Amino acid sequence: MKQKFFFSPLSIGTCYYPEHWDKTLWEEDLRRMLSHGVRTVRIAEFAWNKIEPREGVFDFSFFDEFLSLCETLGMKVIFGTPTATPPAWLTQAYPEVLNARIDGTLLRHGARRHYNYNSPKYRELCARIVEQIAIHYGKHPSIIGWQIDNELNCELMEFYSESDSVAFRAYLKEKFGTLDELNEKLGTTFWNQTYTAWEELYVPRPTISGAVNPHLMLEYKRFISKSVLSFAKIQADILRAHIPETAFVTTNGLFGNVDNHDLEDTVLDVYTYDSYPNFAYMADAPSDGMRDRWWSRNLTKVRSVCKHFGIMEQQSGANGWNTGMEAPAPKPGQMKLWAMQSVAHGADYVSFFRWRTSPMGTEIYWHGLLDYDNRDNRRIRELDELDSLFGQIKEICGEDYVARVAIVEDYDNQYDAELDVWHGRLVRSSNDGLFAAMQYSHTPFDIVDVRDDFSAYSVLFYPHPAIMTDETIAKLERYVSEGGTLVIGCRFGYKDEYGKCPVGRILPHLPFAGVTVKESTFVNPDGVKVSFGGRLISANWYRDVLEPTTATVLGTYTGDYYEGEPALTEQTYGKGKVLVYGSTFGEEREILDYLGVSEPFKDLIVCARDVEIAVRGKYLILLNYAPTAQICCLSSPLVCMDGVVGTVVEGELELPPYGVKVCILA
Amino acid sequence: MKQKFFFSPLSIGTCYYPEHWDKTLWEEDLRRMLSHGVRTVRIAEFAWNKIEPREGVFDFSFFDEFLSLCETLGMKVIFGTPTATPPAWLTQAYPEVLNARIDGTLLRHGARRHYNYNSPKYRELCARIVEQIAIHYGKHPSIIGWQIDNELNCELMEFYSESDSVAFRAYLKEKFGTLDELNEKLGTTFWNQTYTAWEELYVPRPTISGAVNPHLMLEYKRFISKSVLSFAKIQADILRAHIPETAFVTTNGLFGNVDNHDLEDTVLDVYTYDSYPNFAYMADAPSDGMRDRWWSRNLTKVRSVCKHFGIMEQQSGANGWNTGMEAPAPKPGQMKLWAMQSVAHGADYVSFFRWRTSPMGTEIYWHGLLDYDNRDNRRIRELDELDSLFGQIKEICGEDYVARVAIVEDYDNQYDAELDVWHGRLVRSSNDGLFAAMQYSHTPFDIVDVRDDFSAYSVLFYPHPAIMTDETIAKLERYVSEGGTLVIGCRFGYKDEYGKCPVGRILPHLPFAGVTVKESTFVNPDGVKVSFGGRLISANWYRDVLEPTTATVLGTYTGDYYEGEPALTEQTYGKGKVLVYGSTFGEEREILDYLGVSEPFKDLIVCARDVEIAVRGKYLILLNYAPTAQICCLSSPLVCMDGVVGTVVEGELELPPYGVKVCILA
Amino acid sequence: MKQKFFFSPLSIGTCYYPEHWDKTLWEEDLRRMLSHGVRTVRIAEFAWNKIEPREGVFDFSFFDEFLSLCETLGMKVIFGTPTATPPAWLTQAYPEVLNARIDGTLLRHGARRHYNYNSPKYRELCARIVEQIAIHYGKHPSIIGWQIDNELNCELMEFYSESDSVAFRAYLKEKFGTLDELNEKLGTTFWNQTYTAWEELYVPRPTISGAVNPHLMLEYKRFISKSVLSFAKIQADILRAHIPETAFVTTNGLFGNVDNHDLEDTVLDVYTYDSYPNFAYMADAPSDGMRDRWWSRNLTKVRSVCKHFGIMEQQSGANGWNTGMEAPAPKPGQMKLWAMQSVAHGADYVSFFRWRTSPMGTEIYWHGLLDYDNRDNRRIRELDELDSLFGQIKEICGEDYVARVAIVEDYDNQYDAELDVWHGRLVRSSNDGLFAAMQYSHTPFDIVDVRDDFSAYSVLFYPHPAIMTDETIAKLERYVSEGGTLVIGCRFGYKDEYGKCPVGRILPHLPFAGVTVKESTFVNPDGVKVSFGGRLISANWYRDVLEPTTATVLGTYTGDYYEGEPALTEQTYGKGKVLVYGSTFGEEREILDYLGVSEPFKDLIVCARDVEIAVRGKYLILLNYAPTAQICCLSSPLVCMDGVVGTVVEGELELPPYGVKVCILA
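Residue numbers (my numbering), protein chains in the order written: chain A, 1 to 666; chain B, 1 to 666; chain C, 1 to 666.
Derived by calculation from the structure, the hints in this document are not laboratory data.
Hints may be right or wrong, so weigh each one.
Treat identical chains as interchangeable: a pair holds within one or across any two.
[What the hints assert, rightly or not] The list that follows gives simulated cross-link-like pairs (lysine-lysine, DSBU-like), each with its CA atoms no further than 30 angstroms apart: (1) K233 with K76; (2) K50 with K618; (3) K185 with K394; (4) K50 with K301; (5) K185 with K23; (6) K394 with K529; (7) K331 with K50; (8) K602 with K76; (9) K575 with K226; (10) K23 with K575; (11) K173 with K23; (12) K307 with K50; (13) K575 with K76; (14) K602 with K4; (15) K50 with K173; (16) K23 with K394; (17) K475 with K50; (18) K4 with K185; (19) K23 with K518; (20) K331 with K518; (21) K618 with K139; (22) K175 with K394; (23) K394 with K307; (24) K529 with K331; (25) K23 with K4; (26) K175 with K23; (27) K139 with K185.
In this text the structure is predicted, and so the values were computed from the model without any measurement.
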C-alpha cells in the first residue's frame, strides 16, 4: 500500500448537484456552505447530458458557469466523471452497452449503473467524454481532484452481457493458455463440464438449481474485478494526461467483486468511501448486533486499502429511496458522531451527502444537510459544531491509527465466502464475533491484506481462509518465527487457489501449528461451547476436533460426541506462537485477554462498553454510540479538544448521548 | 358524481354460466332460482367462443336458446361482454394483443385477462364482437343491463406490451407537448435520465434494483387508468347505440390503477362491485384487524363512486383456486350478514357468485350457492331468509347512507402511495386506524373524492395527502372558512402533482393551519405516543414535530428527543377549524370524541363493540360480525323488519352470532 | 409388480468416480474398498466426455483401463449411462436439447440434468453413445448391472422446451383423438379456454397469477411421466440387446412426475434408490417431525415399487453443495443406522455415496466415506462394523417385510395433490399423521399402489383420493366384501380422472360406506378435535360433517357449528367394513388400536417410542433414532445377530444411541 496523496488539513465538503437547482440558488447555496465550514463540493458525477446532450455534441456552458462561480467564491471542487449514468440517447442507440440479468434480460435506462464495463462501444464513448472534460476542465483552478464514475459495482456487482462473455473468454485464455489447463485447474471433470472449445465458455448462465462450477465462478469474480480496474484505468490515464500533479484521482468505493487494494495501487491516488451508518436503523435492519458501530469495521477496511482516506459521502440526514430503505432521521448528535467515527478511523476529509435533499427522483428520501424547506435545521447546527471541532484538530491529517492487533483478509477468500455458503457462514460469524470482542474490550485493530506487511502487529487473526497458498503459509511462518502470534480458526486452508480441495492435505493446512484436525462437522445452533481458562466461549456453526501433535491444549468442547476433545491449542514456533481454534470466534474477549492485547489504553482510560476508543497519533477519540450518557474513567488528566479547547479533564469523563470527545495524549 | 341509473326495488341475483352445464340442467336451474327469490342472472362474460368460435364467424344459437328460456320463465338478465378472456385462436393468431411482464415475457392463454388495453388489433376484435352482440341482443326483452368485460385490472394492473409503450408515448406527448416540458415536470435530471427523443420513452422496463423515475411512474399509473377508460368506452358507446335507454351499462370494479369515479362519470350508468369478505379468513390472511368488517370500508369506497350501487358478485360459499387462496365455508349466518353489509352501505342489488360451484377449471373451490352435489343446503336456506328480508325492506332502494364525517381521498395520492413506500406506510396505517376508530365508536362515515362536494360533512379527515395542488388547498380553505372541521395528518402536501418535492415549501402545506413542521422523521415501532386530553393515543411510523405560529397545542409527544413537543394542534379559521396531527391516526376514538361526532345514534341505541350500525333513510341496520351473540341497548322502542315484520323491540336487543337486525326509525 | 431381478447375498458397494482421481490412486482405492467389504462400484454416470470427447469420436481407453483393474482385483461394477450430463460441445451445437424454464429461458451447461427428454436430437445422441458403450462393455465380466442416466427428474421435474410442446401435442392427440373430446374432458369451457387447433396447445406457459387449466396440468404431469419412461426405454432396449441375461438394468429413482411402478414394470429389472436421511438435519430443515425416521416412509414407497431393491446411494458423510444444503456430519452410529434402515425396509444391496469426497465442483460438501485427507476415519470403522453385520445376516436377501396394514396410493392423486393446494394440504397432513401413528404404535405397514393386489392386508387406509374411478370403487368394494377393513378420510372421490368435479356426485363417493357428507369446509388451525372412544383425536385442515344412512357413528366433532355432529362412522359390508373419517388423520393411534392392528409384535417385544421395529422373514430389526440409549423389553429370549453372533438376549435389551439390533425370531 503506497499512498500517493493526502488530504490536508482536515476539512468538510458536501455533494452538490447544480443541475438539480435553479441557477438562481447557486450563489446563495455556495455562500451558505462556506459560512458553515464547507470548503469543497463534489459535482457532476451524474450529469453526462449537461455536457454531451446529443451524441458527439459537447457543451460546457453549464459547468463553466458553475465553476466560474466557485472560483469567484473560493469553493474547491471535486469533479466526477459522469459515466455511472449513460444518457437515454446512448443506451437507445447502443443497447449492447447495457448490463443484463443472468437470463439475458437487459437492464434498461431509468435507474443508474446499467452499463457493462466490457462493451467496446461504452469504453469508447466514456473515453471520449472523459477526455473532452479533462481537456476543458483539467487545469481549472477550483478543481482539486477527480472522482471516476460513482460507486463502481454498487447495487449490482455481476455482469451478464455478451461483451462480458467475450471478455471473460479472453481473460480465461490469457490466464490458462490452453483448455486442458483450464479444465484441470477448474475441475471441470465434475458433472462432465469439460470444455472443448473456448466458445463454450460464458459468464454464468441460467442452470437448474442455480448451481454452476464454483471454481469457474471464482474466476468470474476475479474477472469482474479486472473489468472494473481496466474500465477505471482508461479514465484515470486520460485524466492524468490533462490534470496537474497536485490534483488527485479517486473513486468512492468498497463494493463487492473488486480488489480495492489493487484499484488503489494501480489506478487511484487516494481512496474515498461513502459512509452511511444509518443503514443500521432501516425498517428492515436486524435490531441486534453492533448497529452503527459496525461502520467502524467498514472504515477499518477502508483504512486497510488507504491509510489516510476521504469520505466522499458522509451520512447527514435520513436515508431512503421512494421504493424502500426507510430509515429515521439521525438523532441529535449522530451526524457529528458518525463524521467523527470516520475521522477516528483515518478520514482526513469528510464530505456530507448532500447539501440539500433531492426534490425529485428515486432518492427524495436520501436526506441531505438541508431539507426541501431549505431552512436552517439542527443538522446545520451540528455541522457548525463539527466545523469548530475540525478547526481544533485539523493537524490530525496524516496521523496514523494505532493498533497492535490485525485481522488478515484477502480477496480470494472474500470471493470464495460469497460463493460458498459453508465458507460464508463461518466468515460472517467470526467477523461479527471478533469485531464485538475487539470493541467490547476496547482493542483497536487493523485489517491487513494478506499481501501487505504484517510486521507492525504483535497478534494476527486469520479466521477461516479456506483458500491457502504456499506463499501465504511461508509468509505466516516467517511472521511467527520472528515473534508474531497467529490465531487461526476452523477450516484453515482446505482449498487451493481455484477453490478445489486437494486430496491428502491434512488440516489445518499449517505445518508449524503442531496440531491436526481429527474430524470436523458443520453444526446447527446448539449449546455446545469451548471451555477455556475456566470460562465458556462460543463455538458456532462448525467444529474441528483437534488432535495435537506437539501443541498444548488450551480449551476443550463441552458437549456432543466430541465432549472433552481439544478445541483450542497453542504451539510455540521460533520466537512466536500459533493458536488454533476449532470453531468460529465469538464476542468473548478471553483469547484477547490471554494474549495480553486487550484494553491497551486501560492505564490511561477505562471506557464504558458502549464507547469506542480510537487513537490517531496524539489524538484520543471517544465515541458514544448509546442513547444515554456514558462515563469513562481517566487515570490521569487529559487536554480536551472539543468544547472549550484546552480544557483539562480528569476523573470521570461523561460523554453525552451520541457524544464525542477528542483529547490529547501527553 | 351524477348517478344515471338506480336499481329498484331491492332484489337478488346470481351469476350463471350456461356454458358450464348440460343444457338439460338449464330449466331446472332457472326455476329453482326463481323459487328462492333470484330474479336476475348475469351471464356470458367469459363466453367469447360460444358466440365467435372461429375468427369472424358468429353464431348466436347458444345464447338464443338460453335467453329464450329466460324470457319464457321471467328471469331477467345482465349480459357481459366476453372480452376478459380472448379465445385461443385469437391470441395464437395475434400475440401482440397479449399483456407482458415487465421483462417482456408475454402472458399467455390459459388463465384470464391476458390481453392489453392498447392493442389496436384487440380493440378492433373486441369492438366487432361487442357490436355483433349488441345488434343481436341489444333489444332482447329479458336483458336489463350490460356488464363490460369483467373486473377490469383485476389480478394484474400493470401492462408492459409494445402497444402500451406506443400508447404511453402518445399519452405523454399529449400531456406535455414537448420533451423539455416533460423533462422538467418529471425531474429527469436526477440520475441523468433526461429524454431527448420520444422513442426513448417506454412503459417501465427492467432496471437495477427495480428503481425507476417515480414521477414517470405516476404518469404511467394515470396512463393505465386512461387506457382502461378508453377501452371500456369503446364498448359502452357501441352498446348504447343498440340498447334501450332503460338498460344500463356497468362493470364490476374497484381495482387498482383506475380512476373509478371518472369511469363511472364518463363511461358507465351505474357501478357494481364484487364483495368477498371471506378473503379475511383465508389460510394466509392476517389474523388481526377488522377481518370481514373491513369490507365495510371497501363498500364505503364503492359508495363514494356511486351512491346507490349493485353487488355483481356477493360471497356465497368458500372461496379459493386450485392453486391457492384456501378459505373456509362461511359460517351459518355469514352469507346473509355479508349481503346485508352490502345493503347497509348502499347496495340496491345483490347478485350472488355463483349459482353452482364450477365443476372445472381454476375456480373449483370458489363455491357458489350450490355445491357440486346440487342438493339444497344451508346457504339456500339463508338465501330464503334473505329473500324474505329483502321483501320487507325493498323500499330501501334510493335511500341514502347517513354520515356526518368523511375521509377525503384522491387518485393522485392513492397512486403515489402505491409507488412510494414511505407514503404508502402512512396511508395504510391511518386507513386501518381511522376505520377502527370509526367502527368502535359507531361513527358512520363516507369517503369523499377530492373532486366532490364536501358540504354535507361537518368533519373531514384528509390523513396524508403527500400531493397537494393549489386548487385543493383553496377548496379546503373554503370548506373550513364556511364552518367545516378539517383534520390532517403528518406529511401533508410535500409533493407537487408530479410527485416532486418543491423547494422552500413549508409543511404542513396548509397556510391557514397556524402551524409549521419544525422537523420530522420516520420511526420504527417504539413506545412513543401522543398525550391528548389526559389519554395516550397512537403515533406510528412518522412524527412531525409541530411548531405553532397561531395554533393551540392539544397534544404532545411522550418520548424520544421530541418529548413534550407539540404533536396535535388546533387552529380556528373563519367559521371552522383545522386540526393538525403530526403522525398517523390510531384506532383510539379521542379525536372523534373531541370533535363531538362519535356515536351519533347513542341517544337511540348503544351497540356492542362488535356490532356495526348503519342508517339508510329510515332504516337502521345492525350487523354482528362476532361468533357470539351481542347485546344492543335501545333507549326507545323500534319496529323490527326481519323475523316477524312489525315486531316492536325495546330494552335489550340480542343479535345472534353473525346476526342482522333491520329496524325502522321513528 | 413382477420383480425380474434380486440382489443376493446382502452386500456393500460404493460410488466411485475414476475420472475424479489421478490414475495412480485407482489400485490403492480398489484394494482399500475390498479390504473394508466393498464389493461393487457404480461408475461412469457423469462421464460422457471420457467416452465421446468430440461428437462422433469414441474412445474407450479410459474405462478399459479402469475395468481391467477391476477385473484383476475382483471388484464388481455397475455401469451408468452418462446421459444426465451432456457435454458442453453437445449443448453448444444443439441448444434444442436443453430444458427451459416456463418462460422459455434455456437451462444451460454448467450444472446437470439440463436436457429435455423429448428432443429428437438428444434421443439420437443418447441412443448412439449408449449403443457404443453397450457394444464395447456389454459383456465385460466385471459388470453386473447397468444404471440408466442418473436420478431421472431429480432437481427439476418440469419441462418447457419446444420439443416438449411438440411431444405434448402428440400425447394429447393420441389420448383424446379430437379437440372436441379434449375440450370436454379437460373442461376448457371455463374461462373460455376452448382449443380450436392442436397448435394452440403448449406445455404450460406464463400466465397471470400462474393459474392454468388444472385438468390440462394433470395431463401434463402424466405426459412427463410418459416422456421419462420412453426416454429410459430407448436405453434399456439398447442395453438388453448387448448384455447377458444375468446383468440387470436399473435406475436410481423415486422422483416426482414419474409413475415409478410403470417404470419398474416396463423398463427396469430392479429398482434402486438414493437414501439421504441426513437431509432431515440440514440447517433449514424443520426441527419437528420424524426427522431421519421419515426415510422409513420413503423406503416403504420404494418397496411398493420393488419389493427387494437396492440402495444405489446411501448416506455416508455430511451432505451439501457449495451453494446450500449445509448438514452436519452423521453422528457416530448414524451411518450404520441408516444403512440398516434401508435393509430393514427391503434393501438387499447398499452402496455408499461415495468412496471419497469430491475435491471439486458443486458437491465438495457431499461427503463420502473418506474425506479429502484420505485418512481412515470413524465412518470407515462403521463400515467395518456394517460389513461384519452384513456377513451375519446375508441370507436376509429375498425375505419379505412383514405388514398387515397398508396405505393405498396412486399417481393420479399424487399428481393432483401437487397441483391442487387444497388436496395437497390434506395429503401431507394425513401422510405425516398416519406415519407417526404407525411408528409410535410400532405398526409396520406397506404402501400399496392402487393397481396392485390388496389381499395381503387386513386393513387399508386410503386417506384422501380426490380422484376416484369406477374401477377403483369396484376393487375396493371387492376388498371389503371379502373381509377387508377400509379406512377413508375426508374429500374421498370428488373428482373424476381429469380432476373435474362431477355434478350430482354425493360424497364420500363410496356407495357401500353407509354415510354421506352433509356439508364440509376447509378450516384454519383451531382447537376442534374428534371425540372417539373417550379420547380426542386430531382433525386438521378440513371437516366433512357426516350424515349416516346406515353406518354407525364412532366419533363426533368437539366444536364450531358442527359440534356433536358425526365425524367418524363405521359400516359393515359383506365380510368386512368401512370406516369414514371426516377429516385428516393425526398421529394418535386410536383408530389402529380400535381395528386391532397396532403393535403386532407386542407379545414378543415392547419397544421404546424412539425405536422402530421391522421384521423381514425371521429377522427382527430394531433401530434407535434417538441420541440416547433406549430400552426394549423382550417377553422371551431372542438370538442376536450383531456383536457376538448367536448371543441370546432376554429381558431388557438396551439399544445404544443411534444403535441397531438384529435378532432371529424363533
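For each hint, the structure was consulted:
1. For the identical chains of this complex, K233 and K76 are intra-copy neighbours only, at 25 angstroms inside a copy versus 60 angstroms across copies, given an alpha-carbon limit of 30 angstroms.
2. In this homomeric assembly, K50 and K618 never come within 30 angstroms of each other (Cα to Cα): the closest approach is 46 angstroms inside a single copy and 67 angstroms across copies.
3. Taking identical chains as interchangeable, the C-alpha atoms of K185 and K394 are never at most 30 angstroms apart, the minima being 52 angstroms within one chain and 44 angstroms between chains.
4. For a Cα distance limit of 30 angstroms, the shortest separation of K50 from K301 qualifies neither inside one copy, at 35 angstroms, nor across copies, at 46 angstroms.
5. Taking CA atoms no more than 30 angstroms apart as the test, K185 paired with K23 passes between copies only; the shortest distance there is 17 angstroms, against 59 angstroms inside one copy.
6. Taking CA atoms no more than 30 angstroms apart as the test, K394 paired with K529 passes in neither setting, with 47 angstroms inside one copy and 43 angstroms between copies.
7. Taking identical chains as interchangeable, the C-alpha atoms of K331 and K50 are never at most 30 angstroms apart, the minima being 37 angstroms within one chain and 66 angstroms between chains.
8. Taking the shortest alpha-carbon separations for K602 and K76, neither the intra-copy value of 42 angstroms nor the inter-copy value of 70 angstroms comes in at or below 30 angstroms.
9. For the homomeric pair K575 and K226, neither the shortest alpha-carbon distance inside one copy (39 angstroms) nor that between copies (71 angstroms) is at most 30 angstroms.
10. With identical chains, the CA atoms of K23 and K575 are never at most 30 angstroms apart, being 67 angstroms at best within one copy and 43 angstroms at best between copies.
11. With identical chains, the CA atoms of K173 and K23 are at most 30 angstroms apart between copies only, with a shortest distance of 27 angstroms across copies and 52 angstroms within one.
12. Taking identical chains as interchangeable, the C-alpha atoms of K307 and K50 are never at most 30 angstroms apart, the minima being 35 angstroms within one chain and 53 angstroms between chains.
13. When the C-alpha separation of K575 and K76 is checked against a cutoff of 30 angstroms, the pair qualifies neither within a copy, at 52 angstroms, nor between copies, at 56 angstroms.
14. Taking the shortest alpha-carbon separations for K602 and K4, neither the intra-copy value of 35 angstroms nor the inter-copy value of 80 angstroms comes in at or below 30 angstroms.
15. Within a single copy, K50 and K173 get their C-alpha atoms only as close as 40 angstroms, which misses the 30 angstroms cut-off; across copies the closest is 23 angstroms, which meets it.
16. Neither within a single protomer nor between protomers do K23 and K394 lie at most 30 angstroms apart by alpha-carbon distance, with minima of 33 angstroms and 67 angstroms respectively.
17. Proximity of K475 to K50 under the C-alpha cut-off of 30 angstroms is found in neither arrangement, the shortest distances being 51 angstroms within a copy and 40 angstroms between copies.
18. Taking identical chains as interchangeable, the C-alpha atoms of K4 and K185 are never at most 30 angstroms apart, the minima being 37 angstroms within one chain and 45 angstroms between chains.
19. Proximity of K23 to K518 under the C-alpha cut-off of 30 angstroms is restricted to the inter-copy arrangement: shortest distance 27 angstroms between copies versus 72 angstroms within a copy.
20. Taking identical chains as interchangeable, the C-alpha atoms of K331 and K518 lie at most 30 angstroms apart only when they sit on different chains, with a minimum of 14 angstroms there against 52 angstroms within one chain.
21. Taking the closest pair of Cα atoms, K618 and K139 never come within 30 angstroms of each other, the shortest separation being 37 angstroms inside a single copy and 84 angstroms across copies.
22. In this assembly of identical chains, K175 and K394 lie within 30 angstroms of each other by CA distance neither inside one copy nor across copies; the values are 47 angstroms within and 55 angstroms between.
23. For the homomeric pair K394 and K307, the shortest alpha-carbon distance inside one copy (17 angstroms) is at most 30 angstroms, but the shortest distance between copies (70 angstroms) is not.
24. With identical chains, the CA atoms of K529 and K331 are at most 30 angstroms apart between copies only, with a shortest distance of 18 angstroms across copies and 38 angstroms within one.
25. In this homomeric assembly, K23 and K4 never come within 30 angstroms of each other (Cα to Cα): the closest approach is 36 angstroms inside a single copy and 53 angstroms across copies.
26. Only between protomers do K175 and K23 lie at most 30 angstroms apart by alpha-carbon distance; the minimum there is 27 angstroms, versus 52 angstroms within a single protomer.
27. For the identical chains of this complex, K139 and K185 are neighbours neither inside a copy (49 angstroms) nor across copies (36 angstroms), given an alpha-carbon limit of 30 angstroms.
Checked against the numbered hints above, the structure breaks hints 2, 3, 4, 6, 7, 8, 9, 10, 12, 13, 14, 16, 17, 18, 21, 22, 25, 27 and satisfies the rest.
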